[in-house]
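Order-wise, the sequence lines are chains D and P.
Mapping of the first sequence onto the working numbering: residues 1 to 397, in sequence order.
Mapping of the second sequence onto the working numbering: residues 1 to 351, in sequence order.
Heads up, some of the hints might be wrong.
Negatives, chain D to chain P, calculated, CB over 10 Å [to be verified]:
id, residue
1, 3
2, 35
3, 71
4, 172
5, 176
6, 225
7, 235
8, 238
9, 252
10, 260
11, 284
12, 344
13, 377
Here are some, though not all, of the chain P residues that point toward chain D, as calculated from beta-carbon distances under 8 Å [as the list claims (entries may be wrong)]:
id, residue
14, 113
15, 162
16, 342
Think of the hints as simulated: they come from the structure by calculation, not from any bench.
Each residue gets a CB set at the ideal place from its N, CA and C atoms; glycine is no exception.
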Amino acid sequence: MGRLYAVEIVYRGIFQKNLAKNISRAIVLAAHKEGKPGISFGRYGDSPERNGIPAKAFAIVATDEQTLEEGMAKYEPTQVDVSICVDDTLFKGVESWAWYGLQPINKLVKPGGTLIVTSLEEPAALAEMAHRKEAPYQLAVIKAQPSFSGLWVYKDDHTDVRILGAIARVCPELFSLASVQEVIRKDTKDELKATSALRSFERVTTYEVQPTQGNPEEPYKFEMPKWHEMRDGIAIPSIAPGHKMKDPITGTEGGFQPARNPTFKKYATRTMRPVVDFDKCIKCTLCWLACPDSCFDVTPENLYDANLEACCGCGVCEAVCPEPNCVTMVNETHFSDNSSQWQAYRKDAEGYKANLASLIATRPERSHGFRFRGQYEEQVPAIIQAAEAEQQKQTQA
Amino acid sequence: MAEAIITPHVEEPKKKAPAQGDETSLITGSEAIAVACQLADVDVITAYPIRPYDTVMQYVAKLVANGEMDCEYIVAEGEHSQFEIVKHASACGARVFTGSSGVGWMYAMECLTVTPSLRIPMIAMVGNRALDDPKIPSRAKVDAFLPRYDRKDLLLHPDNPITVAPQANEDWLMEIRRGTAAAMERSAGVIREAYADFERIFGRKYGNPFFEEYMTDDADVVLVGMGTLSNPVRVAIRQMREEGKKVGFVRLRWFRPFPAEELAKSLGRFKAVGVIDRDFSLGSPYHSGVVATEVRTALYQSENRPQVVGFICGLGGREVTLPDVRKMSEIVSQAASGKPQPATQWIGLRE
Chain D
1 MGRLYAVEIV YRGIFQKNLA KNISRAIVLA AHKEGKPGIS FGRYGDSPER NGIPAKAFAI
61 VATDEQTLEE GMAKYEPTQV DVSICVDDTL FKGVESWAWY GLQPINKLVK PGGTLIVTSL
121 EEPAALAEMA HRKEAPYQLA VIKAQPSFSG LWVYKDDHTD VRILGAIARV CPELFSLASV
181 QEVIRKDTKD ELKATSALRS FERVTTYEVQ PTQGNPEEPY KFEMPKWHEM RDGIAIPSIA
241 PGHKMKDPIT GTEGGFQPAR NPTFKKYATR TMRPVVDFDK CIKCTLCWLA CPDSCFDVTP
301 ENLYDANLEA CCGCGVCEAV CPEPNCVTMV NETHFSDNSS QWQAYRKDAE GYKANLASLI
361 ATRPERSHGF RFRGQYEEQV PAIIQAAEAE QQKQTQA
Chain P
1 MAEAIITPHV EEPKKKAPAQ GDETSLITGS EAIAVACQLA DVDVITAYPI RPYDTVMQYV
61 AKLVANGEMD CEYIVAEGEH SQFEIVKHAS ACGARVFTGS SGVGWMYAME CLTVTPSLRI
121 PMIAMVGNRA LDDPKIPSRA KVDAFLPRYD RKDLLLHPDN PITVAPQANE DWLMEIRRGT
181 AAAMERSAGV IREAYADFER IFGRKYGNPF FEEYMTDDAD VVLVGMGTLS NPVRVAIRQM
241 REEGKKVGFV RLRWFRPFPA EELAKSLGRF KAVGVIDRDF SLGSPYHSGV VATEVRTALY
301 QSENRPQVVG FICGLGGREV TLPDVRKMSE IVSQAASGKP QPATQWIGLR E
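Throw the hints in and build the complete structure from the sequences for me.
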């Protein structure tokens, strides 16, 4: 039997669908240039995709047809040579559906395999964000803001070709830089993209993650019921109605906290989260009304606390809030827990405010893609400027 | 979802005076169905005109308009909605009825995929044609036979907060299907119980709930069929019997659950079996109708396997005539005497 190569691409549903598809497709085409057959496909259960929900695409390549056939007789590979994560907030884990539980981002990476990620974070910080793994693995970071666009539009910011160049570097037996550049040239007729792949190939460095590094938490998981344990008539209990909230300091009860789906935590759904300045809140209820996921808990004093078990990070609350800087969307990479902001505020108002101020002051720009026509064009000058600055830094070094 | 039995063959003493409260009337099969809906106190009926279901619609509409029947009568914008509406009404605790014919059923088909899994007791009529004089039972007897429709903890109601039919992917579907299959496995027992109750309350005896046999005791060959075939076949069999031909008739009442073992045991007694299909399954084994395929499958495990000849006839409501039945019976007799016959033959076809 020949050698089988498996690559997974973990992406955010809808926002990165085209990006994942482009990468997966190009991997197979590049390997094919070297006589290796392969197949590119999306995970069946991810369709229909939902905004921001973690989804997966795969590229399976083999040295011969028979080996490919044996590798394909699986729904999802159990191990991959290269795992690609096109959004660093997915390092907290992958929870695609209810009952799925939280899958560590590095779960499928085989011992010694490589996890490639686009991120502005440092490798050590990223390694800590991911779950611990028994065997060491390589982490390759492509310095970039995660590329988000949409189902019908594609943000052509070279993320795909940069990742392809990096794969040629970390797994040269899958395909060479020359092969993948050939595919890029043929597909895009854009020499600049072939150059981007080369730059990424040259610059990507790997960082070895040790078994001592990473989030030590056991990822939550759920036992799925056997057929005779399930209720007749495809009926499932509804989410319970909810209850009052209790102030952690005074013990006062009031407000309302809806109960939430216990089998779907949505922690991995967000790329941003709303942080609330409770002192600025005028209790207008707009965030609570507009939230499509009913994520706001009403506190005894009628403040609105974004419950992170329900928040998908869409940013509607920030958009509708009439008070400046009352609700602010902050990059999910800045947080390591999902506890209640209101509780933290009640326990230590001054500390909470200081932390809030620093989060807001340092927040990097984060976007779910195009919110209006022409937005990408507006972003282009900034991207070019950043690239030039990077180029200068490289030249000076 | 059995085909509506419009003209049941009732084994009861001849000329017996109607039981207390029962009423004999001359009505069409469609009207009888409307009356059955009335007696069953159906809560929601949906309609979309297509022959001959439209005649049921008319009779139901008349009953509602005359204040003789209290139900939500909804004329949907198509069969798809027609079947969806009753499904959801049933989930909320309503006793429901709907129906259609021919292509209307095809359009409604998508809605039917999840109905069994939801355990919705939906009666949907397949329109056909008949005229007979059924005996209309009294409301009191119907009430005694039909318990109040109670979905218990499956009832969709604010006091019973449940979600019905959530999206289910590859990680759930097999378990859901297995659950529905278990219910289907139990259904044979439930059907027997219901027939026994029916007999006790209405005083009408149907014998074996799954299929009835006519003049089979000493038969050499039999014809097998389902739906509206009884009249011409019975008459033809009586004629042939007079001529000394030992022909019998087995009429299936239930297609699902298919009474495979019981039927195979019965059919194993004969030298040859002719299956009359008033349907056709394009590209199926031996290019048969659906009943013939099921009968062959049922017989495969059987020790005695008679010759099976399939017949396609009466499509599109075309009449199955006495000569047609005699011809089919003749072909089956030929098969019984060892002369090979084609696996499927079209009868009553212009050729």
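To see whether the hints hold, each was checked on the structure:
1. 3: Holds, because the least Cβ-Cβ distance between residue 3(D) and chain P comes to about 29 Å, which exceeds 10 Å.
2. 35: At roughly 34 Å from the nearest Cβ of chain P, residue 35(D) sits farther out than 10 Å, so the non-interface label holds.
3. 71: Correct as stated: the minimum Cβ-Cβ distance to chain P is 20 Å, above 10 Å.
4. 172: holds, 36 Å
5. 176: Non-interface label on residue 176(D) holds, nearest chain P Cβ at 37 Å vs cutoff 10 Å.
6. 225: Residue 225(D) is in fact no farther than 10 Å from some Cβ atom of chain P, at 7 Å.
7. 235: violated, 5 Å
8. 238: violated, 4 Å
9. 252: Holds: least Cβ distance 28 Å, greater than 10 Å.
10. 260: holds, 14 Å
11. 284: Holds, because the least Cβ-Cβ distance between residue 284(D) and chain P comes to about 29 Å, which exceeds 10 Å.
12. 344: holds, 32 Å
13. 377: The assertion about residue 377(D) holds, with a minimum of 38 Å to chain P.
14. 113: Nearest chain D Cβ about 12 Å off; hint violated.
15. 162: holds, 5 Å
16. 342: It is violated, given that the least Cβ distance between residue 342(P) and chain D is near 42 Å, above 8 Å.
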